[in-house]
Structures are given as C-alpha cells and as structure tokens.
Amino acid sequence: MKNLKALAYQLREDAVEIIAAGKTGHIGGDMSIMEILTELYFEQMNVSPENWKDPDRDRFVLSKGHSMEAYYAVLAEKGFLDKEEVTANFSKFGSKYIGHPNNKLPGIEMNSGSLGHGLPTCVGMAIAGKKNQQSYRVYTVMGDGELAEGSVWEGAMAASHYHLDNLCAVVDRNRLQISGTTEEVMAQDDLHERFRSFGWHVIDVADGNDIDQLKEAFEEAKEKKGKPTVLIANTVKGKGSPVMENKAGWHHKVPNAEELQQIMQDLEERKEAALHE
Amino acid sequence: MNKIADKQVICDVLLEHGRKDRDVMVLCSDSRGSASLTPFAQELPDQFVEVGIAEQNLVSIAAGLARCGKKTYAVSPASFLSTRSYEQCKVDVAYSGTNVKLIGISGGVSYGALGMSHHSAQDIAAMAAIPNMRVYLPSDRWQTKCLMEALLEDEEPAYIRVGRNAVEDVYGEEKISFKMNEATVVTEGDDLTFIACGELVKPAADAAAALREKGIFARVLDMYCLKPLDQESIIKAAKETKAIVTIEEHAPYGGLGAMVSQVVCQHCPRKVINLALPDAPVITGTSREVFDYYGLNAENLVKTAQKVLQDV
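Read top to bottom, the protein sequences are chains A and B.
The numbering of the first sequence is this note's numbering, which starts it at 295 and goes up by one.
The numbering of the second sequence is this note's numbering, which starts it at 202 and goes up by one.
Extracted from the complex, chain A is given alone in its bound form (with noise of 0.2 Å):
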C-alpha cells in the first residue's frame, strides 16, 4: 500500500488488534505516533530486512518504548516479523513478544522502556557514524512527557556539542502524559526555544498526524548541515477515533468489545476515505 495516509489507518487497526488479543497496550500513544512511523519506515529510512545487517543501513530508536504496539504493526508490515504471530503471542507467558523494544527481534536497534534513553543512544550511533564516514541517518521518536527526563538533554547538550546533523529526534507533541496534561504535569510550552537553546534546528510539524506536512519536514532535516534537527509534531494522542483521541484515560486503556468495535469502524471509515482522497 503506497498510499501512506491510508497504510497509516491500516496499520492503527493492526495495532488496535494486537491490543485488544493481548488485552495491554499504550493505545493512546500507538495512535499519535503512526504517521510518523509511516513516513519513516516507508518513505525515509533505508531500513528493511534485506539491508538489516548492512552497516550503513539508517538506524532508529523508539525512545518512548511503550507504543510498541504501533511498531509491532510498522515491523511486521515492513516484513521484519509476522503479524499475526506477535497479534497471537503478544504479552502472552513466555512471549518474545513483550510491551516494549527488544533487540532480540529482527528490526530493534535498541531496547528502551524507560524514557529518556534513545536520544544519547542515538548520539552514540551518529556519533559513529561520523568517525567512519558513513552516510547513514539516525531517527529517535521521544514522547514529550518524556522530555522532563534530564538524560534527554544530556543528549541534546552533546548532539549539538559534535555537530550531528546526521540525527533527526522526533518530539510526538500529543500534550498528554498518564496523569494529564503535560503542562499540568510539567510545563513544557517553550519547548522549541528549549531545543534551540541547545543548539539545534527546530522544525514544527503543525499536524504531525500529516504525512505531507511529515515528509516536508523530514525532507528539510536532510539538508540542514551542522547541527541535530528536531521536529515538534504536534499530534492527536488516540489519533483515529473519537472513542479516544484526546483523552488522558486512553494512555494505556484497552478498549472494551462495544469500544473495540466503534474504533475498527472510525478507522476503516478514515481509511477508506484517505484511499479515496
């Protein structure tokens, strides 16, 4: 499916699916994320099993781990695993298939689950990829409750420090974190002064659930030379269906049957209508 916008709404109902089987999940986080995986996975990265080994194969991190769901979907799409192997076993006792990032699976860099950890990794392997001169790129998601952690801008601090404009962070804005809102729970609204404080290229993605506005962005990232780009994506948390978006509650809820069911319906209906567009 070549049709981003629409792959999008198909791989939200993936996630959707795998949550409801292995009744857990991040919903609310796996739906704001999934354009920006989408236009990563499908249109930036050079990234996929066959190059999987490749040294210069582009590198990323799921910084907020716990939308794993949503990443199960784009692997499994894009062939690193089988879907409806991780919808039969995720969560389940003894699963390879757990709630966050595991390396021991076919297209994880990295395992994460705590936040404020794929940023300095990440400069890690920019850094890296400067001192052999390879011309990989590297791409975090961080969720922007996430941003009060201190290592995140330990990172920040040493990205700009050593120039990497080989790394592009991700900032899915969604403005709600498990208590509320994020600037109930620490206030964050100067966010993109606070990047370019630290010596970074800020881009606000206005809808960062668009994968026009997403690409542009991600496009403008590529050419900036000298220092580490993040966008601020300002997305919809629960993104999909109004059953959830916008909602705290829906951080990390498991749709009931009746739920489940109007939600499969807004997505499909938003699918189809963007096959359509």
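Check each hint, because a few of them may be wrong.
Claimed, not checked - Pairwise CB distance ranges (calculated):
| id | chain 1 | residue 1 | chain 2 | residue 2 | range |
| --- | --- | --- | --- | --- | --- |
| 1 | B | E356 | A | K509 | 30 to 40 Å |
| 2 | B | E244 | A | E344 | 39 to 49 Å |
| 3 | B | E354 | A | K398 | 17 to 27 Å |
| 4 | B | R220 | A | L399 | 49 to 59 Å |
| 5 | B | P479 | A | N550 | 54 to 64 Å |
| 6 | B | C469 | A | K390 | 51 to 61 Å |
| 7 | B | E356 | A | L399 | 15 to 25 Å |
| 8 | B | E354 | A | E517 | 26 to 36 Å |
| 9 | B | K204 | A | E514 | 31 to 41 Å |
As the list claims (entries may be wrong) - Computed footprint of chain B on chain A, listed as stretches where at least three residues anywhere in the stretch have a Cβ under 8 Å from a Cβ of chain B:
| id | region |
| --- | --- |
| 10 | 331-343 |
| 11 | 447-453 |
| 12 | 531-541 |
For the record, the hints were derived by calculation from the structure and aren't laboratory data.
The beta-carbon is built from N, C-alpha and C at its ideal position, and this holds for glycine as well.
Chain A is fixed; fit chain B onto it per the hints.
For chain B alone, coordinates are given in the frame of chain A:
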C-alpha cells in the same frame, strides 16, 4: 614500591590496541585526567569522546557507538559510573547487549576524605545484580593488564573497578598466572582460606606470609572475577580447608563475602567470616587509614585466622 596505578596500565593497554584498531574508543565524563587517559585523548583524538560531566550520557553514548561496531570503554569514577548511570548500565549496556566496558576508576574508598558521595562501596552488589553484566576487581597492575587484554578479545558488557593510587604488586611481569574467570591461587595452604579481591588481595597475601611463620598455612584466592564468580575454587577451598575469611573494599551487603557465603552454604557448609567496610559512611582518611581502622589489613587477618582456627 610500585608507582604505577592500575588506571595507568589501562590507558597503556588501550593505547596499544587503539593504535592498531580504529574501532577501540574511549569515552570520558570530564575524567580523562583522573583516569590517566590524557595520553590516549592526545594521541588518538578521533577515538576519544568527551561527554562532559554527564555520566548517564557517557554510558548511553557508549552503547550507541557499540551498537554501530565500536569497542567502547566508558571511563568515569566508580561511584558515579555504578550508581548515577545505573539504569543506563542496566538497559543500554546489559539488556541491549552492547559491547561496552565500564571502567570505574578511583573505586572503593580511594577518594578518602571526599566523603561518601565519592566512595563506591555498593558497586559490586549493584553491578552483579544486573543480568548479562560481568564484574571484575583486579588486584594489581599486572593482573589489570592481563584482564584488559582478555576483555579486548570479547564483545560482552563488563564492569571493572580499580583504585586511584598505585598499589603494591601481588604479582610480577614474569610471575603472574591469569586465567579469565578463574580465581588466582596466590598462596597454597590447607589450614584456612583467605578470599580477597581488588586492593585487599595484597594484605591477604601478607597475612598468609606472617601466618606461615607461625606454622599456619593459609590459602589465598584472588577472586578478581566477582561475576562470573569462580564457584569451583570456593567449593574446593571449603572442602580442603577448615575455614574461610573474605576481605573486600565494599559494603557488607551483596559483595564478595555475601557471594562466597552463598556458595559455601549451598555446596559445602563451613565457617565463613566476612571482613568489609561498615554499613555507614566510612571514617575520614586515606585508603590505608580507613582499611586499618576497620581491620581490613594483614594484622587483623592474622588475628581473625588464629581465632577462627581455634573456634572450628
């Protein structure tokens, strides 16, 4: 008296290998001087990464580099490396399985009067509790060299702790026997066994020499490999000698003494006495003064050995 600190030897080994292998990389957190790594940073600047005073970042960046094929050595004071960066060591290094060697310098109570913030009396317990993390405390410069050479050959995570100052030799250039992950028998003996690690191996060897004068034959095991622990040599000692005395520069919980006791209790019950630092901020002083105050010296080992042999 030896004037060469173990950390100096680490720099020498890394420089020697770094010259031949561009993938050998050293990272410091504003600690290159303390770590004696200035020569490495000057000679191989392209293989050196300064991260500033940011130990969490130090470990994560090292893990990212390792994921891209680098053989990374993250070097920082043991106190900060083992606890400030604990989660990065757990997740980015051990759990992700990256080839990062964590070198804790100025370990134990090396920083003396600087206080508990700078002491690493918890690092053995903390690091050993992480799956896929090895823990080594070499006893002198010769063993440090052998250990570093061995670690350069593998691609697994490890934590290594060395002290700040030069310590007296336990071995010599020609007289060192080293097998990876096997305790070194420093002295043979069948009356009792001293099991020691790090800087306290030398006092154990001295105590064994003093006891020999009194007709008591103490075996001395240099358990530089805390994890994987050389259980076989511990069980052998428990079977062949009448008692075991452990000595370590670590808190009384979760260190060498606790590990040895666990093995002995399970496989061959025998009296075990643990000599360690107290469960409290240690008294102000140099390493030697602190060791003497808490009885972590040859003199107290001799007394302890004589007493335990009367009791068993």
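Results for each hint:
1. E356(B) / K509(A): 30 to 40 Å: Since E356(B) and K509(A) have Cβ atoms about 38 Å apart, the given range 30 to 40 Å holds.
2. E244(B) / E344(A): 39 to 49 Å: For E344(A) against E244(B), whose Cβ atoms are near 40 Å apart, the range 39 to 49 Å holds.
3. E354(B) / K398(A): 17 to 27 Å: Holds, at about 24 Å.
4. R220(B) / L399(A): 49 to 59 Å: violated, 38 Å
5. P479(B) / N550(A): 54 to 64 Å: Taking Cβ atoms as reference, P479(B) and N550(A) lie about 56 Å apart, which means the hint holds.
6. C469(B) / K390(A): 51 to 61 Å: violated, 39 Å
7. E356(B) / L399(A): 15 to 25 Å: The hint (15 to 25 Å, Cβ to Cβ) holds, given that E356(B) and L399(A) are roughly 20 Å apart.
8. E354(B) / E517(A): 26 to 36 Å: Violated: the Cβ-Cβ distance is about 43 Å, outside 26 to 36 Å.
9. K204(B) / E514(A): 31 to 41 Å: Given range 31 to 41 Å: violated, Cβ gap about 57 Å.
10. 331-343: violated (count 0)
11. 447-453: holds (count 4)
12. 531-541: With 0 residues closer than 8 Å to chain B, the region 531-541 of chain A misses the three-residue bar; violated.
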